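Student: These are the residues of each chain, in order.
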Amino acid sequence: MTPAKTAAATAVLLLATACSAGGAAPPPADTLIWATTSAPNSLDIAHGFNSASTLVQAAVLDSMVGLDERGKPVPRLAAGWTQPDPASYLFTLREDVRFTDGSPLTADDAAFSLRRHLDPAVASQAASYFTMVKKVEAVGAGQVKVTLRRPAPAFLSVSAIAWQVVPRKLAEAHPKDLGSPEVGTLGTGPYKVSRFSLTSGVVLERNEAYWGPRPALRRIEVKSIADPETLRLAVRSGEVDGTSDLNARDARKWTGLPGVKTIFYPGDNISYLSLAVGNGPLADVHVRRAIAYAVNRRAISDLMTAGHGAPAAALLPAPMLTALYGSAPPPLPDYPYDPAKARAELARSAHPGGFTLAVPYAGGGDTGTVMQAVAADLAKIGITLRLEPAPADQYQSRMMEHDRLGIQFVSLAYGTPEPIEVLPDMISRASAQPQGFNFSGYGSAETDEKLDALVSATGEDAKAQVTALLKEIAEQVPYIPLFHTDNAVALSERFTASLGTWTTDMFARIRPAGR
Amino acid sequence: MRAALTAVLGLVALAALAGPWLAPYDPAAQDLALGAAGPSAAHWLGTDEMGRDVVSRLLAGARSALFWPVLVALFTTALGTSLGLLSGYRRGWVDALLMRVVDLAIAMPGLLVLIVVVGVLGGGYGWAVLAMAVLFTPGDIRVVRSLTLAQRELAYAEAARTLGLRPGRIMFRHLLPNLAPTVVANALLSFTGALVALAGLSFLGVGLPAGTPDWGLMVEENRQLLDLNPWASIAPAALITVVACAATLLGDRAFESMSKGGVR
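Which chain is which? The protein sequence lines are G and S, in order. First residue of the first sequence? That's 1 in the UniProt record's numbering, and the numbers climb one at a time after it. First residue of the second sequence? That's 1 in the UniProt record's numbering, and the numbers climb one at a time after it.
If we strip away everything but chain S, and leave its shape as in the complex, we get (with noise of 0.2 Å):
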């Protein structure tokens, strides 16, 4: 199971690498005389409304389906489980402050938020992207917060704040490597949840510009094409849906996997 999960996360990466080689068209290359037709020999999924290439175009889109929600995972992996281990650890105002800040950015409403941050910011996708990493963090933030608060009061833990170590190196080196199997697990579903909230994003037409190879937009831009060319708009959402379950059922397999092991 592991190894189909991870085979197919290993296609979609390889098409995000190497998908502008392997497409048979340029994804952005239109003709308007041809617009929507259904699979054919020449195209193997056939073309969307202005006659591109929907092979090529989802091979395109794989790199943007990946990328930002990579992006997104890493940067709420890291200020998540830094600021949960902080929060956890030091107790105290420091707690008390982390938690209401969580609070507050839990109790938002994320997709509208991330809608108000493009239009305000006149449609920059890098600023969604970070509105969305940022709000992804409070989740991370308290589930690290809750393990690092049982964790600390573990014999090891005693031990090492008894032989003075620094806190730093007890949260990071000792406290961490047992927080492993959830961090890899929430960082797994961070990419999912900013994969399926960007091809929203994108549906809602808010997203990447008109025209992007990219599977959320390829699902809005398609959609009034099912009577015409119905894969266009199919594929790519089955794409991010494979995409979504696969990375969800990948992280649930390394929690059990790493948790077994024993990493303590």
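The shape of chain G in the complex, shown without the other chains (with noise of 0.2 Å):
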């Protein structure tokens, strides 16, 4: 080999050992790359109230109220609170509190986060969760009132999800693109925002004038991959740290890969079938309990769940019942596995020989899965379920149109332990209108009364009243609860994390193992 020949090899060998050396650096302890399946969309929850995005808002954005690991409120931006009567809130605010840009927080910047939800030019998200909301209004310097239209116990546990606080000028400025890449957001959370891309992701960096403990992480990376198996393989890889985004059905892929640890704690979700009350022979009362006889919830819920969850015995998630009643729920309507009950049942309907339906669903999901499952079952008393596939994007959005409803599966995740966050979704007349989540189209004036009295009421009596609420829906059977599942994590081993089922700040729970 002569000199020029020997020279140019070692060059190209230092190159490709630099290159490699550089490639395999580990990260900073410190960093954290998170992966989620869907890109954050906006840090603001008005136009991005998702979990992907709400990820990321709860890191850079403080509400004024959290949820402790019981899921009570708790102060955090507001470092109290008293009632002037049951149908008000006085919040004090933490004194010294600034946002990222150095620029104090004041009673009008808390305020103005709340009422612009009621605002109908910014076309909140959440603005259903602040229905029962009449005024808000800054006192003096450091304190913000809200006056409800009526008692609403519920109001605080809502706030711990919904009322984020930015500044004032910003979100005058921008009352529908705050949030956005463009815009971005200022908050007084753990971490500020450092880059923000719908297609490259979410960059944070600590905020180390945060008014809280000192975060652990220093730097936050969110980056989205859709397809699960590529989730996992850069879970596995040690290209991605860690993601929330695994379905409890796959648990097995995931427990047991090398450097990774998997956490399982209860979701506050509940799966269920929606059967739409005014449709054809759903509209009969003995159908539909045909149908709640003749579903195998105890298979269904083995096979979405693969063991982490569990099958529904009411309408509501099970922490919202375990908050509520403890261990010990109320006896309700049941509809255990029976086909010979089904088929009695369906006898006493004006269907007694069964009927064909027509049931759209998204394709290439769980949607498929479950209702091949549900297909089965009805079967076997006569009822043909002629499954339609659609692209989920056009299912999604015909269902919220309630267009063509019938029998839809449903999966929906909650924040707080209050039934008031779901049944409303559920039954009121409101919902069942486009856009509302009320799919059966059950209700009638004096469910919305029961759900009104409910609003306002605590206690025994708010148990009462939602027991009551509970079994006319398991009477009536507008819905027939599946399962709930897990909630998991796959974590690599670097780090540490305590979550909970009210965790809401998941970033802020996560640190380098050992420190």
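In case anyone wonders, no lab produced these hints; they're calculated from the structure. Note that the structure is a prediction, hence the values are computed from the model and not measured. One or more of the hints may lead you astray.
Just a few of them, taken from the derived set where beta-carbon distance is under 10 Å, the chain S residues facing chain G [stated by the list, open to error]:
| id | residue |
| --- | --- |
| 1 | Ala28 |
| 2 | Leu32 |
| 3 | Ile106 |
| 4 | Met108 |
| 5 | Gly205 |
| 6 | Val206 |
| 7 | Gly207 |
| 8 | Glu220 |
| 9 | Asp227 |
| 10 | Pro230 |
| 11 | Ser233 |
| 12 | Ile234 |
The C-beta atom is built at its ideal place from N, Cα and C for all residues, glycine as well.
Given two chains presented individually in distinct reference frames, assemble the corresponding complex, making use of the accompanying hints.
Tutor: Structure representation (structure tokens):
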């Protein structure tokens, strides 16, 4: 080999070594790389009320109220509050809190941050959380008074989710595009946004001036990996440190990954079948009860949760039932799997010989799997479901328009232990309109009155009213509760986490192992 | 070689015809308690997530794997050949008009059009198949037209015109037999294209309803089970590949054989 060739080969070797060494360098211990299956679309809850966006919002924006490990409201930006009367709250702001641009947090900022959700010009996705709010005003320099239309004990809990505080000046200037990549946002939270792109994700840096405990992570990178298997491989290879977007059904693939731990905890969610009570045979309560008897909920629960969940006994997430009733839920009308009873109920209906029903569903996901199991169960009693696949986006869009509703499989997740967060979604007449979640169409003026009364109820009275509504739902069967699923997180063993059902600020609960 | 290819397609055709009788289990029968399991004496290729027998579903799936692509191939061959002959033989404004339509159709992204059709028409699989047949036809028109342009100038075609035969008779009785090798090869290519495209549609979850025994759908539904029963996904994928390759190679062989024979 000539000296020139030797020199060239050495240079190439050195270059390759340098490159490979650079590529393999582990990230700093206090840098977390997180992945979500969908990208955050807005850092403003008014326009990004979805799991990927709220994950980032909770790290950047503080809420006035937090939730403790039992789901009880606790002070956060509000140092405390009083109730001058049952329908109003007076919040006292924490002192010396500053936004990440250095400007001080004022009562006016806090008041405006709630009031903007009621402004039709903002078209906030969180507006339905605050329909009970009548008036919000800053009282002096450090207090905010919220007047409700009527007493609403759930107000504090929903505030923990959706009353995130931003500077009034910024929010006023950008009613529609606050939180977008172009405008960004400003908060008082433990992290500040270093970069936000709809395509390349979000980078957060520690807010060194944070008023609370110093965040353990210095830098967080959030990237989007849509395909679940690609996501799993990214976590396995160490390209990503963690994700909360793993499906409990696929837990077996995640447990045992080298260097990765999986954390499961009860999720505030419920999966159910919705039966459109105005749609042909489903209008007959005996048909609905026959379907409830015919569906093998235990088998579907086992299939969909793979041991990380349980069959649902009532139309509320399990953590809500536990928060309300402890370990002794009230007895409700039940429909254990029993094809004989299902046939007997169907015989009492106007369709004793069964019927055929077209059922649109979102292709390529859990919905198709559940609907196959349901269709097989119903076929045993003479009800034929003609499954019609549709692209997922189109199916969701049609469902939200309440177009062609029949039997729908629905999974919903909530954020508080308050049944009032769920029940109006399910049985109020307002939610039976397009964009509402009452896909059964069940409800009446009487039901709305009961929901109104529940909003103001507390203690044993609230418990009794919830029980009455759950009993009515179980008797009339506009919905068939199917199962609850655990929340799941996969996390590199380089980190530790203390997570629970009511955790809203996930990144604040993660820290480098050993620190 | 040709015997082997014919045998492959023959076996699939047999499964399509007699699948329900050959299947050891009802392909729709679920056993959720069993779930996904690997091969065993009871289930030779194991079961899927719903506890359904994979072999039975493969046999039942042969019917949709053959039926719909054959339908597409017949439609595109009949329409594409007729319009290609017409365009190439008549030339003039008929040719110009048809070719612009063909240009437009070929420029469209086929799979996206199919997804839109299925979406807009509410998941009607028949509509998707019809749309696919329409999308495949322009290719056949263009190929047959180019061959017709050459054939119509040959002496035998000139002689037919001199004898005063009607254009329809000249096109279908005299020109068409000379185009047969290409038409047959094209038909088999259309079959292959339809088989793969329809499997792709099912894989994307916008084809046949969930639970239908269909090879494309089986690949999609079972790909999450590779760790539990890889055969549930690999077997239908392999069958799609084998049948597609067999049809393509058979078309190739048929073209060579018919060309050597000299139909004219």
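Student: Hint by hint, say whether it matches the structure.
Tutor: Hints, verified against the model:
| no. | hint | result |
| --- | --- | --- |
| 1 | Ala28 | 7 Å, holds |
| 2 | Leu32 | 4 Å, holds |
| 3 | Ile106 | 25 Å, violated |
| 4 | Met108 | 18 Å, violated |
| 5 | Gly205 | 3 Å, holds |
| 6 | Val206 | 5 Å, holds |
| 7 | Gly207 | 7 Å, holds |
| 8 | Glu220 | 7 Å, holds |
| 9 | Asp227 | 6 Å, holds |
| 10 | Pro230 | 13 Å, violated |
| 11 | Ser233 | 12 Å, violated |
| 12 | Ile234 | 15 Å, violated |
Violated hints, listed in ascending order, are 3, 4, 10, 11, 12; each of the other numbered hints is respected by the structure.
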